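**Student:** Chain residues, written in single-letter form:
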Amino acid sequence: MEPSDEELCWRVANRDEAAFDRLVERYQQRAYRLAWSIVRDAEEARDLSQEAFIRLFEGAASFAGRARFSTWFHRILVNLCLDHRRRHRWWRQVLSLVSPTNGSEPSIIEQAPAPLQDPVEDIGRVQDMRELWAAVDRLSPRQRAAVLLHVQEELPTAEIAAVLDCSETTVRVHLHRALTTLRKTIGSAARA
Amino acid sequence: MPDMGCRHAETKVIPYLRGELKGSERERIAAHLEGCAGCRDAALAFSALLDELTRSTPTPPELNRGRYRAELRGKLANRVWRRAGENPGVVRWRTQVARLLVVAGLAGVLMLLAVRGGLDHQGPSPDLVAHDETLIGGQLDLLQRYPVIERLELLEDLDVIRDLDRLSAGREG
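Listed in order, the protein sequences are those of chains D and W.
The opening position of the first sequence corresponds to residue 1 in the working numbering, with each subsequent residue numbered one higher.
The opening position of the second sequence corresponds to residue 1 in the working numbering, with each subsequent residue numbered one higher.
Among the hints, erroneous ones may be present.
[What the hints assert, rightly or not] Derived lysine to any residue pairs resembling SDA-like cross-links, with alpha carbons at most 20 Å apart:
1) D/K184 x W/D41
2) W/K75 x D/D47
3) D/K184 x D/R138
4) W/K75 x D/E25
5) D/K184 x W/R7
6) D/K184 x D/A134
7) W/K75 x W/S56
8) D/K184 x W/T54
9) W/K75 x D/E43
10) W/K75 x D/D128
11) D/K184 x D/P156
12) D/K184 x D/P141
13) W/K75 x D/R15
14) D/K184 x W/A48
15) W/K75 x D/R22
16) D/K184 x D/E131
17) D/K184 x D/L139
18) D/K184 x W/S47
19) D/K184 x W/L44
20) W/K75 x W/T59
21) D/K184 x W/S56
22) D/K184 x W/A37
23) W/K22 x W/S47
24) D/K184 x D/D137
25) W/K75 x D/L139
26) D/K184 x D/S140
27) W/K75 x D/A19
28) W/K75 x D/D137
29) W/K75 x D/A134
30) D/K184 x D/L132
Since the hints were made in silico from the structure, they are not lab data.
Just so it is clear, the structure is predicted and the values come from calculations on it, not from any experiment.
Between the sequences and the hints, there should be enough to build the whole structure, so can you do that?
**Tutor:** This is the structure in structure tokens:
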């Protein structure tokens with residue numbers, strides 16, 4: 001029988017490297033994807049998710065088991081990503097002024113799933129999607145994190161609150177405000 | 001302008017759409033949405049937006065898992081190594097620096113003590129000076145009578161000289 005994440009984490013606290021490798025195997029893709037969704041840079045996402053694993057290794061003994069392991073680990077990762085964005089905000093703004101698009105990263109259109117419908121009909125949809133995700137990127141860091149944990153990780157409100165270290169009501173307000181902003185953006189784009 | 005019911009619904013619409021509300025709370029929000037066109041439209045729009053976001057979540061560039069783990073192992077080893085100070089060269093270097101600092105500190109303390117001792121011998125402290133001045137002040141009247149004392153001593157010496165012959169005769173006898 002496969003050991004649970006929590007059990008593996010307790011083994012990591014006793015410096016069991018095999019248990020650590022097992023957790024990395026289980027979470028590396030999810031950690032990298034979530035980090036990328038927040039920072040939007042592949043290299044930084046790789047570094048930040050690796051740093052989260054290192055923190056996990058170093059701090060496994062502090063995992064009390066009150067929350068699920070995934071919640072605890074997401075909290076480490078999201079905090080690292082939000083801190084990183086806060087620290088590099090000014091640099092990102094300078095870069096966006098110099099070069100509005102990053103050539104090394106695939107565009108939103110390229111990242112979108114392959115179209116299943118009539119390509120002509122999809123042109124409008126892809127455009128909407130691009131605007132929608134651009135609007136997600138412009139949300140406040142915590143609103144964006146709440147939306148990503150909701151739609152990408154499919155975490156329930158209680159877990160998002162545990163990850164972001166706030167109340168469930170605060171998460172609901174973040175989501176409500178984020179969706180209201182996105183709705184307005186899409187509405188104004190559709191009218192234009 | 002939303003009334004209090006709409007404000008209350010603001011934080012409940014998304015949990016309602018996600019099926020996170022139970023029992024009477026769920027029924028209350030359902031009833032509100034039925035009666036409030038604004039909140040109903042918002043709920044429909046939110047539901048469509050959440051579906052769209054879930055469907056179209058962008059995917060990051062492909063991750064090379066082997067390289068990722070090799071990098072992670074390297075970083076972890078580096079960190080653990082640094083924290084535990086397992087590098088013998090670094091440990092030896094740190095020990096030598098610590099020894100040097102201790103020796104330098106001791107030498108500094110000794111020098112400080114020597115300098116302070118030297119200063120103490122160079123001159124009396126202000127307290128001693130004050131004490132001497134008090135004694136001299138007390139004996140000042142003796143000093144003023146010094147010529148009288150000097151004369152008395154001279155007379156005494158003359159008496160001794162005068163009696164010398166008698167003294168030497170007595171010894172011989």
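**Student:** Quickly compare the C-alpha distance for D/K184 and D/S140 to 20 Å and report which way the hint goes.
**Tutor:** holds (16 Å)
**Student:** Quick one, are D/K184 and D/A134 close enough, alpha carbons at most 20 Å?
**Tutor:** holds (13 Å)
**Student:** Between D/K184 and W/S56, does the CA-CA distance stay at or below 20 Å?
**Tutor:** Status holds; Cα separation ~19 Å.
**Student:** Regarding the pair W/K75 and D/D128, is the alpha-carbon distance no greater than 20 Å?
**Tutor:** Status violated; Cα separation ~41 Å.
**Student:** Does D/R22 sit within 20 Å of W/K75, going by the straight-line distance between their CA atoms?
**Tutor:** Satisfied, since the Cα-Cα distance of roughly 17 Å is no more than 20 Å.
**Student:** Are the Cα atoms of D/K184 and W/S47 separated by 20 Å or less?
**Tutor:** holds (14 Å)
**Student:** Measure nothing beyond the straight line between the CA atoms of W/K75 and D/E43; if it is 20 Å or shorter, mark the hint as holding.
**Tutor:** holds (15 Å)
**Student:** Between W/K75 and D/D47, does the CA-CA distance stay at or below 20 Å?
**Tutor:** Distance of about 10 Å is within 20 Å: holds.
**Student:** Is W/K22 close enough to W/S47, meaning Cα to Cα at most 20 Å?
**Tutor:** OK: W/K22 and W/S47 at ~18 Å, within 20 Å.
**Student:** With a cut-off of 20 Å on the C-alpha distance, tell me whether D/K184 and D/E131 pass.
**Tutor:** The hint holds at about 11 Å.
**Student:** For D/K184 and D/R138, compute the direct alpha-carbon distance and say whether it is at most 20 Å.
**Tutor:** Given pair D/K184, D/R138 holds - Cα atoms ~13 Å apart, limit 20 Å.
**Student:** Taken at face value, is the distance from the CA of W/A37 to the CA of D/K184 at most 20 Å?
**Tutor:** At roughly 17 Å apart (the allowed maximum being 20 Å), W/A37 and D/K184 satisfy the hint.
Checked against the numbered hints listed earlier, the structure breaks hints 7, 10, 11, 20, 25, 28 and 29; every other hint is satisfied.
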